[in-house]
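Here the protein sequences come in this chain order: S and Y. Just so you know, the first sequence maps onto residues 8 to 299 in my numbering. Just so you know, the second sequence maps onto residues -3 to 219 in my numbering.
These are calculated hints, taken from the structure and not from any lab test. Nothing here was measured: the structure is a model prediction, and the numbers come from that model. Even for Gly, the Cβ is constructed at its ideal location relative to N, Cα and C. Do not rely on the hints blindly, as some may be mistaken.
Partial pick of chain S residues on the chain Y-facing surface, computed with a CB cut under 7 Å [what the hints assert, rightly or not]: (1) 16; (2) 32; (3) 36; (4) 53; (5) 125; (6) 132; (7) 136; (8) 220; (9) 221; (10) 231; (11) 260.
So, partial list: chain S residues that the calculated Cβ filter (under 8 Å) puts toward chain Y [said to hold, decoys possible]: (12) 18; (13) 20; (14) 28; (15) 35; (16) 39; (17) 120; (18) 131; (19) 217; (20) 224; (21) 235; (22) 245; (23) 252; (24) 253; (25) 256.
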Amino acid sequence: MTERGATVLYDLPGPRARLRNNVLTLVFGVVLLLVAYFVWTKFDEKGQWDGKLWEPFLRGETWTELILPGLLNTLIAAALAAVLALLFGAVFGIARLSDHRWVRIPAGVVVEAFRAVPVLMLIFFAQYGGSLAGLVVTEFAAVVFGLTVYNGSVLAEIVRAGILAVPRGQAEAGSAIGLRKNQVMRLILLPQAVTAMMPAIISQLVVLLKDTALGFVVAYADLLNAGARVVPANYANLIPSVIVIATVYIVINLALGYLATWLERRSRRSRKVTADPAAAEAAAGGEVALMR
Amino acid sequence: MEAVVDELPVILGAFWLTVKLTVVSGVISLVWGIVLAAMRVSPLPVLRAAGAVYVNVLRNTPLTLIIVFCGLGLGTVMSVQFSRDDLSLNSFWLSIIGLSAYTSAFVCEVVRSGINTVPLGQAEAARAIGLTFLQTLRLVILPQAVRTVIAPLGSLLNALVKNTTVAAAIGVMEAALRMKNLFDAHGDAIIPIFLGFAAGFVVLTLPLNLLSGRLARRLAVVR
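Produce the entire structure from the sequences given, and follow the hints as far as they go.
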């Protein structure tokens, strides 16, 4: 909360308000400590703070042999799905803006349909539908497929909104100097749209990274699988292990989140971009970069 | 196609579970999310910090991990029980804990952004007539803030409908897991079954979108 924000809802406290605030701070501090103590003792009763459950995380081989391979698999799946989803998003986002109805309408149907279906269902469908078609679909392929089409559809909406947010004069000026439609798109609209939409794109990639954890359901050997199946199978320490794994996820996602804010601030400063990121994001619909 | 028609009661049952998960965890996360938002704008640094930590931890953890923690960690290791004899009821409530804990962090952020859109003069006027912080928040700020964020809250609800499928990770027989079971039972009808379930989700989410758009327009604060 900023200083300015702090004064919106309440005045700067005077002597009485300061006293009251101090008392309330004490009261709520005690309440929060009691809650923490309650949780701590409940876990303690089950011996969850026992040193021997946590000790494996101090040993190098737990990390090098069990956790890091999982993290690597998570990052590989996320990276491949991110590249494919960006391609998917660019192709379908542009296709939805096509002048030809026979391109625009099917692209719209595909994007809207895949956005409405939960990722987990797409993963199951990839597994069973693939074997129906005689393909051997590994867990990895199924996870990448699900993440690609869902996030690709969301990215398509982001790209489309970004292109629409570039002022019309840009495209008109491009046509006026004799560029072809695809040149206008490639040289003028897309670069500006992508720069403006960068924060939204990165937020969606954070979502994608988080969603790789769905691979757990189909037993893909990702980070969550390492933390919730492999490590507890060796040391019977599910709760400590899940807490450690959660920390790894949080650190990675916070870092990506900071990258997104930094890029947003930078693109707001730069004058080269004419599209307004905030307007573009609003146009992409609330759900973009919101959740999942 | 026959498989879908034959299994229609089963499919509808699975979607009924999805609806129950959505409604219960939706209500809990709305209430808890507003409480968190109030904490994050309160004059007390303790509450602000606690709210900020909660939101940042929950928002950056994968939902699957949270649900697995609730199901296996709380359910199996800590033996948190909601029902002695009905295991499916147990995992139902455990997954609701996970879904609500996760969604409320997003509700908090949406409501907080709504609070930021309420003009400064509103809070100043409220204070000028002598309302306390909680009165200002409850009577003046929140009613306006929530009304401006109905559309984003609708998107959250929409995402929640899809997120309930993650409860499959701890064996709750909602739509996604039921679909996988039907795939196993009817290996020859995978595409019709998939299309049936996909249509189910479209039927659930489409009216939500329309409704939240209409509500947002009708309840918009005129300024």
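Here's how the hints hold up against the structure:
no. : hint : in the structure
1   : 16   : 5 Å, holds
2   : 32   : 5 Å, holds
3   : 36   : 5 Å, holds
4   : 53   : 6 Å, holds
5   : 125  : 4 Å, holds
6   : 132  : 5 Å, holds
7   : 136  : 6 Å, holds
8   : 220  : 4 Å, holds
9   : 221  : 6 Å, holds
10  : 231  : 5 Å, holds
11  : 260  : 4 Å, holds
12  : 18   : 6 Å, holds
13  : 20   : 7 Å, holds
14  : 28   : 6 Å, holds
15  : 35   : 5 Å, holds
16  : 39   : 6 Å, holds
17  : 120  : 7 Å, holds
18  : 131  : 5 Å, holds
19  : 217  : 4 Å, holds
20  : 224  : 5 Å, holds
21  : 235  : 5 Å, holds
22  : 245  : 5 Å, holds
23  : 252  : 7 Å, holds
24  : 253  : 5 Å, holds
25  : 256  : 6 Å, holds
In summary, this structure violates none of the numbered hints.
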